[in-house]
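Chemist: One-letter residues, chain by chain:
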Amino acid sequence: MAREFLENRLNVNRRHFLGKLSLGVGSVALGSLLIPDLFKSGDGEVTSSLGLPHFAPKAKRIIYLFQNGAPSQLESFDYKPTLNKMRGQDLPESVRQGQRLTGMTSNQKKFPLVGSYFKFQQHGHSGAWVSEMFPNIAGIADELCFIKTMHTEAINHDPALTFMQTGAQQGNRPSFGAWMSYGLGSENRNLPAFCVLLSRGRGNGQGVYSKLWTNGFLDSVHQGVQFSNSEEAVLYLNNPAGSDKQSRRQMLDKLGELNGMAFENFGDPEINARVQQYEMAYRMQTAVPELTDVSREPDHIVKMYGPECLIPGTYAANCLLARKLSEAGVRFVQLYHQGWDQHGNLTGEMPLQAKDVDRPSAALIRDLKQRGLLDETLVIWGGEFGRTNYCQGDLSDKNYGRDHHPRCFTIWLAGGGVKPGITYGETDEFGYNIVKDPVHVNDFHATALHLMGLDHERLTFKHLGRRYRLTDVAGKLVPGIMA
Amino acid sequence: MQSFKRILENAVFALNILAVFLLFTNQWLVVPSWLQIGGRLHPLLVHFPVTLVLLGVGFLIFAQSESSRPLLQTVLLAAALTSSLTAISGFFLSKEGGYDDDVLTYHRWAGVMLSILSAILYYAISSGRSRQVIRSSAALSTLAVVIAGHLGATLTHGEGYLTAPLFGKSGSETYKVDSTMFSQSIGKVMEAKCFGCHNRSKAKGDLVLTSAESILKGGKHGSLWKPGDPSGSLIIQRLELGIDEKNHMPPKDKPQLTASEMKLINRWIAVGADMNIKLNAMPTNDSLRGLALSVGSTYLKKHTADQRYHFAFASAEEIQMLNTPFRFVSQVAISEPALQADFFVRQAFRPESIEELSAVADQIVSINLTNMPVKDEDLSMMSKFVHLEKLILNNTDVTDKGVQALKRISSLQSLALSGTAVSEAAIDQLASMPGLRDVFIWNTKITQASADAAGRKYANINWQTGYVPNSREVLQLSAPLAVNESQLLQPGEPIKLKATIPGAVIRYTTDGSEPDSVKSPVYNGPVSISSYTLIKAKAYREGWKSSATATLGFFCKGLAPEKATLLTPSDKKYPGNGINTLIDSRKGFMDFFRDPSWMAFRDNPLEAVFHFPTRPKINSVTISFAKDVGAETMPPEWMEIYGGNDDSHLTLIRKVVPTQPAEYGTNQNEGIVVPLGTSYTTYKVIAKPLTKLPAFRKAPKDKGWLMVDEIFFN
Numbered sequence: 001m002a003r004e005f006l007e008n009r010l011n012v013n014r015r016h017f018l019g020k021l022s023l024g025v026g027s028v029a030l031g032s033l034l035i036p037d038l039f040k041s042g043d044g045e046v047t048s049s050l051g052l053p054h055f056a057p058k059a060k061r062i063i064y065l066f067q068n069g070a071p072s073q074l075e076s077f078d079y080k081p082t083l084n085k086m087r088g089q090d091l092p093e094s095v096r097q098g099q100r101l102t103g104m105t106s107n108q109k110k111f112p113l114v115g116s117y118f119k120f121q122q123h124g125h126s127g128a129w130v131s132e133m134f135p136n137i138a139g140i141a142d143e144l145c146f147i148k149t150m151h152t153e154a155i156n157h158d159p160a161l162t163f164m165q166t167g168a169q170q171g172n173r174p175s176f177g178a179w180m181s182y183g184l185g186s187e188n189r190n191l192p193a194f195c196v197l198l199s200r201g202r203g204n205g206q207g208v209y210s211k212l213w214t215n216g217f218l219d220s221v222h223q224g225v226q227f228s229n230s231e232e233a234v235l236y237l238n239n240p241a242g243s244d245k246q247s248r249r250q251m252l253d254k255l256g257e258l259n260g261m262a263f264e265n266f267g268d269p270e271i272n273a274r275v276q277q278y279e280m281a282y283r284m285q286t287a288v289p290e291l292t293d294v295s296r297e298p299d300h301i302v303k304m305y306g307p308e309c310l311i312p313g314t315y316a317a318n319c320l321l322a323r324k325l326s327e328a329g330v331r332f333v334q335l336y337h338q339g340w341d342q343h344g345n346l347t348g349e350m351p352l353q354a355k356d357v358d359r360p361s362a363a364l365i366r367d368l369k370q371r372g373l374l375d376e377t378l379v380i381w382g383g384e385f386g387r388t389n390y391c392q393g394d395l396s397d398k399n400y401g402r403d404h405h406p407r408c409f410t411i412w413l414a415g416g417g418v419k420p421g422i423t424y425g426e427t428d429e430f431g432y433n434i435v436k437d438p439v440h441v442n443d444f445h446a447t448a449l450h451l452m453g454l455d456h457e458r459l460t461f462k463h464l465g466r467r468y469r470l471t472d473v474a475g476k477l478v479p480g481i482m483a
Numbered sequence: 001m002q003s004f005k006r007i008l009e010n011a012v013f014a015l016n017i018l019a020v021f022l023l024f025t026n027q028w029l030v031v032p033s034w035l036q037i038g039g040r041l042h043p044l045l046v047h048f049p050v051t052l053v054l055l056g057v058g059f060l061i062f063a064q065s066e067s068s069r070p071l072l073q074t075v076l077l078a079a080a081l082t083s084s085l086t087a088i089s090g091f092f093l094s095k096e097g098g099y100d101d102d103v104l105t106y107h108r109w110a111g112v113m114l115s116i117l118s119a120i121l122y123y124a125i126s127s128g129r130s131r132q133v134i135r136s137s138a139a140l141s142t143l144a145v146v147i148a149g150h151l152g153a154t155l156t157h158g159e160g161y162l163t164a165p166l167f168g169k170s171g172s173e174t175y176k177v178d179s180t181m182f183s184q185s186i187g188k189v190m191e192a193k194c195f196g197c198h199n200r201s202k203a204k205g206d207l208v209l210t211s212a213e214s215i216l217k218g219g220k221h222g223s224l225w226k227p228g229d230p231s232g233s234l235i236i237q238r239l240e241l242g243i244d245e246k247n248h249m250p251p252k253d254k255p256q257l258t259a260s261e262m263k264l265i266n267r268w269i270a271v272g273a274d275m276n277i278k279l280n281a282m283p284t285n286d287s288l289r290g291l292a293l294s295v296g297s298t299y300l301k302k303h304t305a306d307q308r309y310h311f312a313f314a315s316a317e318e319i320q321m322l323n324t325p326f327r328f329v330s331q332v333a334i335s336e337p338a339l340q341a342d343f344f345v346r347q348a349f350r351p352e353s354i355e356e357l358s359a360v361a362d363q364i365v366s367i368n369l370t371n372m373p374v375k376d377e378d379l380s381m382m383s384k385f386v387h388l389e390k391l392i393l394n395n396t397d398v399t400d401k402g403v404q405a406l407k408r409i410s411s412l413q414s415l416a417l418s419g420t421a422v423s424e425a426a427i428d429q430l431a432s433m434p435g436l437r438d439v440f441i442w443n444t445k446i447t448q449a450s451a452d453a454a455g456r457k458y459a460n461i462n463w464q465t466g467y468v469p470n471s472r473e474v475l476q477l478s479a480p481l482a483v484n485e486s487q488l489l490q491p492g493e494p495i496k497l498k499a500t501i502p503g504a505v506i507r508y509t510t511d512g513s514e515p516d517s518v519k520s521p522v523y524n525g526p527v528s529i530s531s532y533t534l535i536k537a538k539a540y541r542e543g544w545k546s547s548a549t550a551t552l553g554f555f556c557k558g559l560a561p562e563k564a565t566l567l568t569p570s571d572k573k574y575p576g577n578g579i580n581t582l583i584d585s586r587k588g589f590m591d592f593f594r595d596p597s598w599m600a601f602r603d604n605p606l607e608a609v610f611h612f613p614t615r616p617k618i619n620s621v622t623i624s625f626a627k628d629v630g631a632e633t634m635p636p637e638w639m640e641i642y643g644g645n646d647d648s649h650l651t652l653i654r655k656v657v658p659t660q661p662a663e664y665g666t667n668q669n670e671g672i673v674v675p676l677g678t679s680y681t682t683y684k685v686i687a688k689p690l691t692k693l694p695a696f697r698k699a700p701k702d703k704g705w706l707m708v709d710e711i712f713f714n
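Line by line, the protein sequences are chains A and B.
Heads up: the first sequence begins at 1 in the working numbering, then just goes up one per residue.
Heads up: the second sequence begins at 1 in the working numbering, then just goes up one per residue.
Since the hints were made in silico from the structure, they are not lab data.
Careful: at least some of the hints might be erroneous.
[To be verified] If the Cβ cut is set under 8 Å, some of the chain B residues that face chain A in the computed set are:
(1) Gly58
(2) Phe62
(3) Arg308
(4) Pro325
(5) Ser432
(6) Trp442
(7) Ile461
(8) Gln464
(9) Lys698
[Stated by the list, open to error] Have a look at the derived ranges for each label pair, beta carbon to beta carbon:
(10) A/Phe5 / B/Gln36: 41 to 51 Å
(11) A/Ala262 / B/Ala316: 43 to 53 Å
(12) B/Ser517 / A/Met251: 46 to 56 Å
(13) B/Gly435 / A/Asp293: 28 to 38 Å
(14) A/Asp293 / B/Ser410: 43 to 53 Å
(15) B/Lys587 / A/Gly267: 18 to 28 Å
(16) B/Ser432 / A/Arg296: 21 to 31 Å
Even for Gly, the Cβ is constructed at its ideal location relative to N, Cα and C.
Turn these sequences into a full structure, and let the hints guide you.
Modeler: Written out as structure tokens, the structure reads:
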């Protein structure tokens, strides 16, 4: 035993020690050249661009119309007549290729194919296929860029939704809008740079949680601000009864003086940050009522968005509010419309969902266009994954359901920097696999950032010892959809 | 000596490895300030490898005797060592930036190749390799010295420096840049915009501007400036002459000075026209320094291929000063000098805030004044924005007169006038703007017909009229809404309904039947109820399709029992909060059955007793349950109410068998009202979950859930 200890000690003699020391010090020195803050803690990263795009952007703002629950691509924009012809036949294994299933259909013995119950027609000069459930979206087909080959890694709602919104399935990463706020800052300092609007559909719903609009490890000013569904879009903004603007101003001035004294004493920058927040809230007291004021809107705007746009908290009202927020310089407006999870009763629920979103979505595009804003606003419409080409549960003459399908789904984009009136990518005749031009979620994020003038590889934040991006370590641009 | 040589040999090897490593990783290399000194030694170090490699090769060719061998080895070792050191220092210097990317890449590769080849040459000699190896490595090293050296010279002196005397033109003269403010800003402006005519070979007006001495000498009209007196200075007079004047400089057809360049020269003369003042000796808050930096940066910055705008950058201080909470001014991108300006909050708008943008008039490419109270006269100064491409005036107070003021902005491509009072009269004005491509005239006085006519007459412009309501398109009204905050009404609280579209009429029923557009009563005020009521309401209005039926259930808060007991266990999955769930007046949410405001029964019926010792009159009992056919949550199969004044002798008062849904329908919270009209102390309620689901709803288990949140005694 003693001998082994001795041998062990002889393993490190003076020569070895000096040799290893020089190598060790050398590699540390080299490491510190390549990564100067290798030995620093992770906070305090300054954006290289100081809130400016890396290059001239095509779009200045994003409105993301998230269809939460995953609308079926096969009943909306990806027309597959083969499925109607082969109705009831089993999905060939050569097509499925071992695709994993959700717990909801994994014990199903047969996978009967089912085609769309709803009729499809081609629309516009572009000849885009749109189902009869979306007549208004069909009317603006020439403004839209359909991506038929979106694909994702997750097969269940929460991870897929989180992936779509934050670039990672696990949550707690900064969301798309937070990255945008971090990278580009706010145009209108009287409103938050990232606003979130929720609406409930009439179909089978899935939850949305605030982790989807979290700032993650970014500064909390980049967090999405959820607007209220009530008559007052921003709660607690009004002065309390008996208090007016004048006294509010006086109060803030006095408070500012006191805070100034505190700052003199302690020098804590958080004190100044707090004062700025008070001032912003004070300015929001004028900015928000102007935002919700409809007096400068013509009466027929109601017909354009549909009568529901007067009911706060509906998708139509949120589309109208999204336009106003975006028009007022809000970088990222995130809408969620719930209720698209048609595992069963698809023919009963999907028309209701489509009716909720069809007219307002089209109206939003038209409204941005007629104000000269569509070329600087990127509008995105889509869910978190697709739906299977086979039926979940009972296949009856008039009804069926579809399970989750991550291998392909359709989204559409419109506006800033996107080629209008095109269909990008192709799925096979079963609508199950991609045959041409796949677009991964990371690719989609990389491209959207690019349209906003940001290089997805340079928009980083150092956290826990490494730099993070919205696209993390993946993502390729999709030049085929960029104008 | 020998061991010293060994150390140097190993150092050469190690340094070459490092050089190769840096070659592939240099994009991530960040040089700390102390190492920048090493980088700045590069211009000194380069001379060693050039001389030593060529010297060694010369030795090889001309002095082949054995006796010169040790000297040759020493020279080549020194050559290998210095070339590797030079290569590494080059990596540090390259990080200071300002070099042509392509040339730099080639120079990097050539330098590292030289370093490796000179090392190979040394090893070949010292280990006595064949003549072939020695010769070829010597030839390659020489080639590498020439290439690396030439590329290095190109980097410092500029493209074509070597051959310039052969093909040289006067236009290639540059103003020598040193640390003075003058050479870094005004000199560069002169180089770009004056050298063409005022150089040594072509000295118009006997004026040569290519060096400080010749500038001070002036031309045939005398010296260029009087320090401290800009307006009395010749250069300013010539620059400020009207562009059509013969003596205006630069001549009309040549590139003109930008506003900030003029301002820079003006200020510089005003403060004394000191050509020797050093840029870094000026205080950082000096506005002249800021101007000089921003003007200089335009010329120092290499314009990249994807850059869109090619005019001077505005200074960061100037942009910062223009930013207020209500006016956002920002470069469109970090690499672009172009600025965008956006105005926010109507109440905070001042007309002067547009005028203030003239400080950066050259750079502004887009202005957004949406919803601002902008008047026609506020637009008169817009013609100052010579690069303005996009102007948004939606919902402003601008009229045809204002449009006239915009006519002179020849760069304008897109003009949004939606929601303004602009009329047909503006069409010809708009069409006369040379650069205009898109005009947005939705919701203005311009009719669709005249917009169509304009489109035919002026087809090069897109006349965007947007959405026009179609009177034939009949839309469906939205269903009436309940104004009440909760579907549980407080005692005495009536039901209030609202139609969202103004002018719509609501008709409703309370008996569960569909409202009729003629027979059903019109809602014209709050409706009072005494127990659970299902209201069905529809909105009607001329020119609209009647709305869908709103089905609104309202519960009335009942009498609280003094004591209540649950006799049967609830389902373990949805245990609720014991008997309290049924009597706490807390309604559950339809899609959150796990909340303790709900409790569920499936295998056994719900049985509970309620005590009212004061024997109040109970008109009815209401059970509030969830209906969600998809989740197999159904109405009870039947309900029985027992009553009496003695707990052990309760008699059946009433049994109710609700109708089961025949289709999926909407998921909602419903109630079953059992009329009583009794005054007992004790009541027992039994509700049986559905034992057999309806035929259309097949499920693995055939039983339905009974999901209950409240039992009311009214």
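Chemist: Now tell me, hint by hint, if it's right for this structure.
Modeler: To see whether the hints hold, each was checked on the structure:
| no. | hint | verdict |
| --- | --- | --- |
| 1 | Gly58 | violated (36 Å) |
| 2 | Phe62 | violated (40 Å) |
| 3 | Arg308 | holds (5 Å) |
| 4 | Pro325 | holds (5 Å) |
| 5 | Ser432 | violated (20 Å) |
| 6 | Trp442 | holds (4 Å) |
| 7 | Ile461 | violated (13 Å) |
| 8 | Gln464 | holds (6 Å) |
| 9 | Lys698 | holds (7 Å) |
| 10 | A/Phe5 / B/Gln36: 41 to 51 Å | holds (49 Å) |
| 11 | A/Ala262 / B/Ala316: 43 to 53 Å | violated (31 Å) |
| 12 | B/Ser517 / A/Met251: 46 to 56 Å | holds (55 Å) |
| 13 | B/Gly435 / A/Asp293: 28 to 38 Å | holds (34 Å) |
| 14 | A/Asp293 / B/Ser410: 43 to 53 Å | violated (36 Å) |
| 15 | B/Lys587 / A/Gly267: 18 to 28 Å | violated (52 Å) |
| 16 | B/Ser432 / A/Arg296: 21 to 31 Å | holds (29 Å) |
Comparing the model with each earlier hint shows violations of hints 1, 2, 5, 7, 11, 14 and 15; every other hint is respected.
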